[in-house]
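Asks: In the working numbering, the protein residues as written are 1 to 771.
The calculated DSS-like cross-link candidates involving lysine-lysine, where the alpha carbons are at most 30 Å apart (straight line), are: (1) K212 <-> K317; (2) K712 <-> K664; (3) K712 <-> K554.
Restraint-style ranges between C-beta atoms, simulated for each label pair: (4) V296 <-> D433: 25 to 31 Å; (5) E121 <-> Y721: 56 to 62 Å; (6) D537 <-> L316: 20 to 26 Å; (7) R38 <-> D114: 22 to 28 Å; (8) D114 <-> G650: 52 to 58 Å; (9) G112 <-> E23: 37 to 43 Å; (10) V296 <-> D380: 43 to 49 Å; (11) E514 <-> Y721: 40 to 46 Å.
Just so you know, these hints were derived from the structure itself, not from any lab. Where a beta carbon is used, it is the ideal one built from N, C-alpha and C, also for glycine.
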Amino acid sequence: MDSGGGTIAEMLGALEAIGSAGEPVTAGEIAAEFGGAREAAAERLDELVERGDAETKSVGGERVWWRSPDPEALGAARFRSLVDAVEEYAIFMLDPEGRVVTWNSGASAIKGYDEREIIGEHFSTFYTAEDVEAGVPERNLAAAAERGRTEDEGWRVRADGSRFWANIVLTAIRDDDGTLEGFAKVTRDMTERREREQRFRRERDQTRQLLKTSPVALAVRDAEGEVQLANERARELFGETGWGLDERAVPDAGGGSEAFPTARVRETGEPVSDQLVPIESADGERRWLSVSAAPVFDADGGLERVIVAGEDVTDLKRRERELETELAEILGRVSDAFYALDEEFRFTHVNDRAQELLQRSESELLGERLWEVFPEAADDDDVWGSFHEAVDTQTATSYEVYFEPLDLWVEASVYPSETGVSVYFRDVSERIDRERALADSERRYRTLAENFPNGIVTLFDDDHRYTVAAGEAFDSLDLAPADVEGRTPTDVWNDETVAETIEETMDAALDGDEESIEIAYAGREWVVYAVPVDREDGTVTSGMTMSLDITERKERERRLERFASVISHGLRNPLEIAQIYLDMARDDGDPGDFDQIERALDRMETIIRNLLTTSRGGQGVAATEAVAVAGVAEQAWQTVETPDATLVVGDETGSVVADADQLKTVLENLFRNAMEYGSPADDAAGGTTVRVGHHDDGFYVEDDGPGIPPDKREEVFEYGYTSGSGTGIGLAVVRDIAEVHGWDVAATEGTDGGARFEIRGVTRPAPDGGE
1 MDSGGGTIAE
11 MLGALEAIGS
21 AGEPVTAGEI
31 AAEFGGAREA
41 AAERLDELVE
51 RGDAETKSVG
61 GERVWWRSPD
71 PEALGAARFR
81 SLVDAVEEYA
91 IFMLDPEGRV
101 VTWNSGASAI
111 KGYDEREIIG
121 EHFSTFYTAE
131 DVEAGVPERN
141 LAAAAERGRT
151 EDEGWRVRAD
161 GSRFWANIVL
171 TAIRDDDGTL
181 EGFAKVTRDM
191 TERREREQRF
201 RRERDQTRQL
211 LKTSPVALAV
221 RDAEGEVQLA
231 NERARELFGE
241 TGWGLDERAV
251 PDAGGGSEAF
261 PTARVRETGE
271 PVSDQLVPIE
281 SADGERRWLS
291 VSAAPVFDAD
301 GGLERVIVAG
311 EDVTDLKRRE
321 RELETELAEI
331 LGRVSDAFYA
341 LDEEFRFTHV
351 NDRAQELLQR
361 SESELLGERL
371 WEVFPEAADD
381 DDVWGSFHEA
391 VDTQTATSYE
401 VYFEPLDLWV
411 EASVYPSETG
421 VSVYFRDVSE
431 RIDRERALAD
441 SERRYRTLAE
451 NFPNGIVTLF
461 DDDHRYTVAA
471 GEAFDSLDLA
481 PADVEGRTPT
491 DVWNDETVAE
501 TIEETMDAAL
511 DGDEESIEIA
521 YAGREWVVYA
531 VPVDREDGTV
541 TSGMTMSLDI
551 TERKERERRL
561 ERFASVISHG
571 LRNPLEIAQI
581 YLDMARDDGD
591 PGDFDQIERA
601 LDRMETIIRN
611 LLTTSRGGQG
621 VAATEAVAVA
631 GVAEQAWQTV
641 ETPDATLVVG
651 DETGSVVADA
661 DQLKTVLENL
671 FRNAMEYGSP
681 ADDAAGGTTV
691 RVGHHDDGFY
701 VEDDGPGIPP
711 DKREEVFEYG
721 YTSGSGTGIG
731 LAVVRDIAEV
741 HGWDVAATEG
751 TDGGARFEIR
761 GVTRPAPDGG
771 E
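Just need the whole structure built from these sequences, with the hints factored in.
Replies: Below, the structure is given as structure tokens:
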């Protein structure tokens with residue numbers, strides 16, 4: 001305990017712990033709890049009395065203190081303790097004139113004032129001299145008083161004179177009669193955020209200026225390949241859409257194809273430099289770009305975006321082709337590596353390219369036998385066989401092998417003659433690597449398709465026959481990918497309408513169009529996307545479908561529609577009732593009319609509270625704990641109007657693992673249902689009796705009323721269902737809260753023939769107190 005006797009929040013906690021149920025305690029007991037001085041404890045306890053959080057009197061010459069048993073006072077004290085403990089926000093109260101009346105630790109930390117020196121001061125103390133002169137504090141008070149709430153951002157001044165950028169929310173506080181009692185003010189220090197935003201804006205402006213002035217086409221794609229940004233040069237080349245390229249494969253130098261640079265970067269995470277890409281510009285002209293692309297990763301190491309730069313090298317490419325044509329005319333076939341062998345397979349000629357690839361000079365090779373210079377070639381059946389077949393049959397042969405001594409893949413053609421053979425060969429290592437990369441890419445595609453989350457991916461040919469089928473959604477169907485591949489939709493899907501609809505989307509894809517449809521199949525709802533798969537020349541060769549399970553999304557949409565219906569119909573009726581009785585009250589002032597208005601307003605409050613509960617319940621349970629069912633039932637009973645009703649809670653109800661507030665809401669709604677519909681059919685039987693009891697898998701709530709007909713026991717949980725004057729929401733809220741807890745709720749017949757609601761599948765706390 002410090003010299004001040006502990007913080008207000010600590011003192012409240014100690015007083016509540018030691019003096020539970022309003023029992024008085026002495027300053028000595030509090031001092032012993034903290035190990036501090038008795039006088040310091042007494043001083044802090046008196047502060048609690050001044051705040052209205054405690055009471056005191058002298059008993060036998062010694063003062064004692066205790067917490068007020070008033071639930072509202074206790075709630076207010078706990079709230080003040082919570083506010084006092086908040087350090088990230090300055091939270092304090094102002095009187096109607098704007099003077100500070102409360103102060104929390106966050107306010108001290110942010111503004112630098114001690115509680116004793118700021119209480120009673122006008123809140124304009126926190127504003128700059130310029131804002132005070134301009135009347136900003138008074139305007140904020142007036143705006144909050146007029147509108148109920150106002151929000152502002154600007155410079156504020158700390159106790160030491162330093163400034164900070166603040167976000168403030170000022171809320172008017174009024175009593176039940178509408179009289180202004182003061183204001184609640186919440187202030188947050190936003191200085192660091194403002195500095196970050198200004199820095200980001202500067203960097204953004206610099207980046208935009210760089211993009212604008214760059215003579216090179218620049219663009220940014222996201223991790224999915226979508227263009228997010230393109231500069232003026234990119235739009236000049238590709239039209240207003242900017243960098244309007246898809247990521248299809250592009251030709252490589254070896255006559256094959258490879259992935260577009262950005263696709264390669266997204267696939268491998270490695271940069272690509274100076275890849276030549278043919279494109280068709282916005283004016284329809286075929287041009288060549290030298291494209292470089294580099295990845296940008298996020299803080300977790302995942303790919304965030306790809307920066308791509310392209311330079312138009314069409315003129316250079318054209319000149320290069322002209323030179324290549326001229327050279328080809330001169331050199332003919334000897335543009336490849338070339339050497340000649342005599343009938344004994346001795347070297348007679350070796351050109352420059354051959355010397356480079358064979359890693360030996362012409363002088364080292366002339367007169368030497370091929371098999372002696374490269375004995376490994378004699379051991380390779382493909383090489384040995386190709387040379388001897390050419391000589392024996394006098395027909396050209398070829399081979400493609402990996403030659404380990406030279407560490408390269410060789411593609412060779414052997415042409416026989418009367419004096420020996422001529423060999424033209426080239427290094428095809430890069431092509432082989434690309435082919436292997438493509439093969440790896442195909443394997444990765446199948447792996448991706450097999451793990452396609454919550455859906456199915458298929459490829460199909462022009463006969464609607466599936467060639468590939470994979471995806472995690474197969475786990476929820478009675479089909480496996482092997483049951484689909486090689487068959488058509490009509491063969492696979494045992495629903496004629498679904499099969500016909502899918503085949504129609506396939507036809508659209510084969511015609512070059514993208515199509516999407518929604519279907520219901522196997523008790524689930526799906527959206528199916530069909531897209532064409534085409535060659536580089538645009539010819540469609542096949543199609544692909546991607547089917548996603550959207551059942552949960554559709555359920556959320558239907559929930560929103562039910563909300564709209566409940567709000568529209570459920571609130572309109574009590575509003576009309578309140579208006580009618582308000583008009584009557586104005587005419588004759590009958591107190592009963594005001595009672596009717598109050599009941600209508602209570603009904604609207606119940607509808608709104610249930611709507612909020614069920615909408616928040618759909619987000620899941622934030623935190624659970626061991627909760628005593630009996631205790632929560634007693635609390636819930638106190639919040640429900642129960643005239644002439646009796647609550648009976650069994651001793652064996654025990655505890656369950658739940659969100660205490662949501663469990664209370666469940667019981668409140670079940671109790672209200674019993675009050676509205678559970679009154680005994682025989683008026684002489686007295687008021688309703690409601691029982692809360694235990695069963696093996698959970699607990700139940702039942703009444704002794706007329707009960708629920710068997711054919712209505714499922715329908716009562718639907719939104720908007722009511723057989724009387726109820727809201728049509730309460731039991732739907734019970735079902736929703738049960739679902740997010742993993743429970744089941746069912747309506748059945750009670751012990752005395754009334755309605756009984758059983759909650760099953762609950763978790764009981766472990767014997768050691770854990771969940």
